[in-house]
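There are 2 protein chains.
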Amino acid sequence: MEQEQPEHETTRVRLEIAYDGTNFLGWGIQPNLRTVQGTIEAAMGVLFTKYGGAPRLTVAGRTDAGVHATGQVAHVDLTPDQLGALNVRRGRSGADSLAYRLNGIAGLSSDVVMLGSSVAAPGFDARFSATWRRYNYRVEDASIARNPLVRNHTLSYPAVLDIDAMNDAAGSLLGLHDFATYCRPREHATTIRTLEHFRWTRDAAGVLNAEVRADAFCHGMVRSMVGLSLFVGEGKLSPTDAVLLLDARERTSEFKVAPARGLTLVEIGYPPDDELAARAALTRQRRDQS
Amino acid sequence: MEQEQPEHETTRVRLEIAYDGTNFLGWGIQPNLRTVQGTIEAAMGVLFTKYGGAPRLTVAGRTDAGVHATGQVAHVDLTPDQLGALNVRRGRSGADSLAYRLNGIAGLSSDVVMLGSSVAAPGFDARFSATWRRYNYRVEDASIARNPLVRNHTLSYPAVLDIDAMNDAAGSLLGLHDFATYCRPREHATTIRTLEHFRWTRDAAGVLNAEVRADAFCHGMVRSMVGLSLFVGEGKLSPTDAVLLLDARERTSEFKVAPARGLTLVEIGYPPDDELAARAALTRQRRDQS
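Chains H and W supply the protein sequences, listed in that same order.
Residue numbers in the first sequence follow numbering that gives the first Met the number 0, run continuously in steps of one, and reach 289 at the last position.
Residue numbers in the second sequence follow numbering that gives the first Met the number 0, run continuously in steps of one, and reach 289 at the last position.
These aren't lab readings, by the way, just hints derived from the structure by calculation.
Glycine included, each C-beta is placed from N, C-alpha and C at the ideal position.
Errors might be hidden in some of the hints.
Below, a list of computed lysine to any residue pairs in the SDA-like style, where the Cα atoms sit at most 25 Å apart [claimed, not checked]: (1) 255/H - 208/H; (2) 255/H - 130/H; (3) 255/H - 255/W; (4) 255/W - 237/H; (5) 255/W - 154/W; (6) 255/W - 206/W; (7) 255/H - 117/H; (8) 49/H - 117/H; (9) 49/W - 154/W; (10) 255/H - 103/W; (11) 235/W - 166/W; (12) 255/W - 49/H.
Some chain W residues well away from chain H (every beta-carbon gap over 10 Å; in silico) [as the list claims (entries may be wrong)]: (13) 17; (14) 18; (15) 24; (16) 50; (17) 115; (18) 133; (19) 144; (20) 145; (21) 152; (22) 236; (23) 249; (24) 270.
Chain H side only, calculated, beta carbon under 8 Å to chain W, not exhaustive [stated by the list, open to error]: (25) 18; (26) 48; (27) 49; (28) 69; (29) 112; (30) 147; (31) 167.
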C-alpha cells in the first residue's frame, strides 16, 4: 500500500485558499498555462529560492478550468530551513506566517488569496483525510434582473426556472448510487458515490443557489447534475426523467453540462483530529482496490 | 426658466441600466475614454446608423470612475424613424425592444446590461423627476475571510471594524445639513442636502453594507461619509468627531475618501406618475436659484 509519508524532518502545513477561477485553467499545474497550483507554487519558489525552491502542494478538491473556490484546502511539507525562512512576526510561528507571506508575493495576484495557514494536525492529508466536499452553483434566471457585478461567478440563464421541479429531481439523486450518467469517464475510476445533499434555494436577490455535498465527486459530476436541473427547471425534462437517466448509468445528450462559471468549491469536511490518520489510510485503501 | 422639452415628434424612452464600473472611467462621455454613457451611445449609433445616429442619454445619477450601478435610470428621446427601426417582436413595442436590441449589439459588452426599457410616463425626466438616490457600499473587514469572487465590488479593509461606532457616527449625519465637509467643491453648486438614510449592517457572509439615501448627493459625498465611517470603525476617530467635522463645514484630511470599488448605485426614487412633471419643474427651479 502506497504511503505518502512526509520526509522525517519536514513539517506539514495546512493552507486554506480562495480563488476566482475565471482566469485560471483549473487547479492542476500544466506547463505554460496559468493554473492555481502553478501560481501558488511559483510564489513559494520565490519565498524559498535559497531553500530548495518550491515544494509541491497536495489539494483536497482539484477544480476544472473556470471553477472557483472560497474554501479550498491544501497541504505542503516544509523543511526546517524553509520553515525558518518564514519570518516570525507578531508572535506567529513560521507555519502561521506562510499564508501572510504568500499574499505578499507579487506573483500571487488578486484572484487567488491565501486565507490562512497552520501546522497540520498529526495524520492530516488534505486529500485523503477529507470526508466530504461541498459545492455551490449560482444561477440568475429570467425572473430577476441581471447583475453584471456577480457575472464572474453566476450563470445567466435565459428562461424562468421552476425551483420545485428542480428540487424534485435533485432529491431523487440523493444517497449511494452509481453516478456514471453524471461522470466524465476515467479509466480505473469508480463512479459510485454518496450524494449527501443537493438542494436549490433562492437567495434574497432571487439568485438560485444549489448546495451540493458528497463524500467525493467524480469528474464533471456537479456540473452535470446542475445541467440536468436546468433542463428540468425549464420543463425540457421531468423529475422522473432524472431517475430514468440515473438508472441508465451511461452518459447522455438529453441535457447539457452546466458552464464552469457558476460553480464554487465552498467547504471541505474533515473528521476530528484523532481520526485523521485512520481516515487517510481508509481512503488510500479504497483507491487501491478500485 | 430652461425647459428641456423634447422635440414635438419624439417619444421619450426610459431605460434601466446595470454596470460593473471597474473598467469604465465613469458614466459621463469623454473623448477617447471608455465610459458607460459613451459605450451605450455608441451601441445606439450602430442601431440607428440610418436614422440620424446616436441620440443623447440623460441620466439620473452620474457615477465616478470605478463606481457601479444595479439600478441606474436614464432617458432618451427617439424620433418616429428610430422607434420604427426597433423591430417589433414578441408583441413588444419599439420602446420595449430598445433594451433587448442594445444588449444584442457587440459593442455593449458583458459589464453593462440594459435591464429594461419602456415609453416614459408623461412629464418624466430621468434626472429632474428623481426624488431620491440610494447607494450601497460593501466592505470586507479583517474579521471575515477575504472572498476574491466579489473583489470587483467590495473594499477589503485590513482592520476589524466596530459597526456600532460606525452607526453612531452615521446617525449623527442624518437630516438636512450643509455637507461641505463631505463634498468635493464645485462652483455654484449647493452643498446643502437631506440625508434620509445611512446605516451599516453585516450580511450573512459578514460583509459590512452601508445603505445611504438622500434627495441628491454632492460630488464624492457617499465615499467621503464611508471614509469617515471606516476611520470611526477602526477607532481612529470617534462618533463625536463626525459631528464636529460636519459642523466645521470644510474639507478635512482627518479621514480618507473611500475607494470607488465598494460603491454601487442601487435605486433611483421617482414620485407617482401624475407628479413627475411638477417635480421636474421644481428641481429645475431650485437649480436655477442655487
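Results for each hint:
{"no.": "1", "hint": "255/H - 208/H", "in the structure": "holds (18 Å)"}
{"no.": "2", "hint": "255/H - 130/H", "in the structure": "violated (29 Å)"}
{"no.": "3", "hint": "255/H - 255/W", "in the structure": "violated (50 Å)"}
{"no.": "4", "hint": "255/W - 237/H", "in the structure": "violated (56 Å)"}
{"no.": "5", "hint": "255/W - 154/W", "in the structure": "holds (14 Å)"}
{"no.": "6", "hint": "255/W - 206/W", "in the structure": "holds (20 Å)"}
{"no.": "7", "hint": "255/H - 117/H", "in the structure": "violated (41 Å)"}
{"no.": "8", "hint": "49/H - 117/H", "in the structure": "holds (22 Å)"}
{"no.": "9", "hint": "49/W - 154/W", "in the structure": "violated (44 Å)"}
{"no.": "10", "hint": "255/H - 103/W", "in the structure": "holds (24 Å)"}
{"no.": "11", "hint": "235/W - 166/W", "in the structure": "holds (15 Å)"}
{"no.": "12", "hint": "255/W - 49/H", "in the structure": "violated (40 Å)"}
{"no.": "13", "hint": "17", "in the structure": "violated (5 Å)"}
{"no.": "14", "hint": "18", "in the structure": "violated (6 Å)"}
{"no.": "15", "hint": "24", "in the structure": "holds (17 Å)"}
{"no.": "16", "hint": "50", "in the structure": "holds (27 Å)"}
{"no.": "17", "hint": "115", "in the structure": "violated (8 Å)"}
{"no.": "18", "hint": "133", "in the structure": "holds (15 Å)"}
{"no.": "19", "hint": "144", "in the structure": "violated (5 Å)"}
{"no.": "20", "hint": "145", "in the structure": "violated (5 Å)"}
{"no.": "21", "hint": "152", "in the structure": "violated (5 Å)"}
{"no.": "22", "hint": "236", "in the structure": "holds (25 Å)"}
{"no.": "23", "hint": "249", "in the structure": "holds (35 Å)"}
{"no.": "24", "hint": "270", "in the structure": "holds (22 Å)"}
{"no.": "25", "hint": "18", "in the structure": "holds (6 Å)"}
{"no.": "26", "hint": "48", "in the structure": "violated (26 Å)"}
{"no.": "27", "hint": "49", "in the structure": "violated (29 Å)"}
{"no.": "28", "hint": "69", "in the structure": "holds (6 Å)"}
{"no.": "29", "hint": "112", "in the structure": "holds (5 Å)"}
{"no.": "30", "hint": "147", "in the structure": "holds (5 Å)"}
{"no.": "31", "hint": "167", "in the structure": "violated (27 Å)"}
When the structure is compared with the earlier hints, violations turn up for hints 2, 3, 4, 7, 9, 12, 13, 14, 17, 19, 20, 21, 26, 27, 31 and for no others.
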